[in-house]
Amino acid sequence: MKRAPANKVLFLLALAAIATCLFAGFLTEAPNRLVTGKPLALWQALGTPVLLAAILATGALLVLSWLRQSATVLCASLFAAGALLFLLFFAAGEAAGFLMKGARPAQRIGLGAGFWAAAFCLVMAMIDAAQRLKLGPAGRLLVATSLLLPLAAMARWGIFDQLSLLREYAAQRDAFAAQAVRHCALVAAAVAAALACGVPLGLLVARRPHIAGAVFGTLNLLQTIPSIALFGLLIAPFSALAAAVPGLGIAGIGAAPAIVALMLYALLPVARNTQAGIAAADPAIIEAARAMGFTPRQILWRVELPLGAPVFIAGLRIVLVQAIGLAAVAALVGAGGFGSFIFQGIGQYATDLVLLGAIPTILLALAADFVLGIAAQLLLRKESA
Amino acid sequence: MIELEGVSRSYGDRRVVEDLSFTVEDGAFCAIVGPSGSGKSTSLRMINRLIEPSAGTIRIAGEDIATLGLTRLRRRIGYVIQSGGLFPHWTVEDNIATVPRLLRWDEARVAERVRALLELVRLGHETRRKYPHELSGGQQQRVGVARALAADPEILLMDEPFGALDPLTRQALRAELARIQEATRKTILFVTHDIDEALLLADRIAILRDGRLLQYATPQEILTRPASAFVREFVGGAALGLKLLAQRRVRDHLHPGAAPAGEPVAQDAPMSEALSEMVLRGAEFLPVRDAGGRIAGSVALADMLR
Amino acid sequence: MSARRYRDPLLWLAPLFAFFVLGMPALRPVFAWAFPAVEPPIYAGDTFLALWLFHAALVAVSSFASLVLGIGAGIIATRRWGHEFRAILEALATIGQTFPPVAVLALAVPALGYGALPTFLALTLYGVLPILQNTIAGLAGVPEPVREAAEGMGLTQAEILAKVELPLAAPVILAGIRIAVIINIGTAAIGSTVGAVTLGAPIIGGLVGDKTSYVIQGAIVVALFAILTDACFERLRRRLERYKASGARRDPPGGWQVAGFGARVRAKVSGGSG
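Residue numbers (the working numbering), protein chains in the order written: chain E, 1 to 385; chain H, 1 to 306; chain B, 1 to 274.
Read the hints as simulated data drawn from the structure, not as lab findings.
Because the structure is a prediction, the values reported are computed rather than measured.
Among the hints, erroneous ones may be present.
As the list claims (entries may be wrong) - Below are the DSS-like pairs computed for lysine-lysine, each with C-alpha atoms no more than 30 Å apart in a straight line:
| id | chain 1 | residue 1 | chain 2 | residue 2 |
| --- | --- | --- | --- | --- |
| 1 | H | K186 | B | K163 |
| 2 | E | K134 | E | K8 |
| 3 | H | K130 | H | K186 |
| 4 | H | K186 | H | K243 |
| 5 | E | K38 | E | K134 |
| 6 | H | K130 | B | K211 |
| 7 | B | K163 | B | K244 |
| 8 | H | K130 | B | K244 |
| 9 | E | K134 | E | K382 |
Stated by the list, open to error - Computed from the model, here is a short list of chain B residues facing chain H with C-beta under 10 Å:
| id | residue |
| --- | --- |
| 10 | F19 |
| 11 | V21 |
| 12 | A150 |
| 13 | K244 |
Said to hold, decoys possible - Coverage of chain E stretches by chain B, computed from C-beta distances (three or more under 8 Å per stretch; other residues unrestricted):
| id | region |
| --- | --- |
| 14 | 122 to 136 |
| 15 | 219 to 225 |
All C-beta atoms in this analysis are idealised placements derived from N, C-alpha and C, irrespective of residue type, glycine included.
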């Protein structure tokens, strides 16, 4: 038996998960949605079979962290951490259902700090295992889907329905759908506009490098301005515009200034990435193409753009993630989106409403980042192959 | 004096250095040569304990280095590596002053030492304010040598210091090193894969292959009595005779007195250079000049065979 | 040389900023004319000076905390004994920066209630990530021969860290600090929604009460604050990179703005090396 665990990261994460589950509140209990919940300990929440399964899985993780980290051990760790994560979610849902039986309708059972911390540690443990296994894009996609699909299925079957977060969602169902569409529409419109303006701009700078300083200087200035300030500064001109031309269908507050601001923020990454993508094309290849008789336009479409695609996609990733996050702030100027739940919740002191806005935003950003990351990697592979 | 006794180093099952034993006298120039992967760098780095030996003992001035404090040991040894390793964010002056300042010398003494060292490595005094990136490769290595010598260590370890330089600079720096060694009489351990460099500079050569010591002897002895066929091939093979000739100086075969006409050869030149001249001119005798430029005598083709 | 001096942005940014912070009431007639419906024309909840001081204090303290945590963790991740944690810390920094700052702020509320404390926590947590990422990248970027030479010369591990590794990594670490601070200035403004007293107060107050002139006043001050801070960082960056060859210093053509906040974008474009 070695004197130290072979995988200190996993060991520490497993210990942290246990500690937070035991000592911080696993669930919270509140008489209504406006009051902060009292923490409930783990043993008050879990039934015996689930508790046993959890102890088994946790024990497995601790033992696995001590062994030599072969591929089998790592896969086992991945599986054990994932299983424990399911158990955690399942237990929370079941416990909420049990505690809500016979309670007043206004009663709220929420997810406590212990739950979140433990879930976080387990996700980190899975990431650690995935990294040590050196999983490629396909592997990571597989792990992500095998984690999310069962959780989605559990949600479908109504396991989580008694948790306060989902009860809030049930109450806001229609509004949620509308705001979700709104949020995506804001992001899509802004990114589309940024691409339409930014790509030509980037191409221009690639062809005329001497204007790079002025162009990127201005765009950089825009990036430095805090989002809330830019939204604010655009309200006045848009109000004036709306007053002058009422038929335009825009208002001072609302989607119009938000989309413009989001587009302005996206311009720098788009233009920079286009320019970098063009610059990434090996000059030797361009010269060979010229020697073969390609016209400049043909070179652009057949050589530079395809070669620059991976860099561009990588940049698009940043653009999307940034836009999703900034769109949440746009709710302050009345543009709607998930941010409206966040700020309504803050105003009403209703935590679950805040979470109803924050969590989808985070998940959307993570999803966009993940998908585009894989896309970029696949493109890069295709290129080097 | 540096003594290696049964020194070995393994990584798992891989034996990088095996049972290395030899002694380097004070003030001697010892070259460690061998093909790639023969364990030369590893051996060198065991002396300043950048790598710890798996077995065996290394003694410096009679003390087992394993018992000495790491930093105190290293501050007594100068270390020069192939890429120089100059600190890019410090001026030449600050680089050279590194160890003296660590040893808390007062600033006046440090400044004087920097001045003396820059002179020793033949770099202008104005170089001291420059940053490494402003210097050429050769200049950077001169600074590297100066930095290694700064605290006046007894021993100098050099790991292929001229490997990354062009042939002309390499030649110049070799000559400089020989001159410096002559002047300062440091104990130098010099790793190189270039046998000619070793033959030129070293008092003793250690030939390594696959981690084992094949021969440890003077250049003369290695050339005349190579320990194995491999050593023979490695050291020159078919060109052994010419290399042996390169070890002798014209002044050792000088016939004083009358000399034939023509461009004289320097008396400090190696005999191989004299042979080359004789071939070019088709002459069996050459005039020899001394350090002052006066004709000192002659040298004969027949002397080559003695 | 003097013509260059006059193009130094700090020279006109600082007075401009000072004017707006201290002299906003002087613009009373301008705002009264532009927005006649708003009474009083200038935001009166607090002086802009007081708001700026609270805002700056919040950003400064949280940035300092982020600095300590981020650089500390980054140093640990690049030591031989902490090497095992490097990959997971890098993953954490990357994933964490995908979270929108406003979401992190929103999540801090259930945990810590309302006021300056959740804002401080959110700012600190979010600020750690770019600093951690850049500390790791900077320290890992120290050329191996330099470290080997330093060790061979007899510097202790602590001396190597303090005299060689950190100074050489400083420009990259500074870029991370810059990103953290600039983002935090924006997030702190949003912190007004959870009760922190910052320059976001006039903006939020103006949005809620439909008083556009307040929004503009607040927006101008916080925007100038961010731009001014970025300019100061650029100055600092130039000073730190003095020793580099002028090619490596990446002195951008046309001025200081290019290498500012956009450096984050650039760093991600070229895979983290900037």
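Right, here's what the structure says about each hint:
no. : hint            : result
1   : H:K186 x B:K163 : holds, 29 Å
2   : E:K134 x E:K8   : holds, 18 Å
3   : H:K130 x H:K186 : holds, 28 Å
4   : H:K186 x H:K243 : holds, 26 Å
5   : E:K38 x E:K134  : violated, 42 Å
6   : H:K130 x B:K211 : violated, 60 Å
7   : B:K163 x B:K244 : holds, 17 Å
8   : H:K130 x B:K244 : holds, 11 Å
9   : E:K134 x E:K382 : holds, 19 Å
10  : F19             : violated, 39 Å
11  : V21             : violated, 37 Å
12  : A150            : holds, 7 Å
13  : K244            : holds, 7 Å
14  : 122 to 136      : holds (count 5)
15  : 219 to 225      : holds (count 6)
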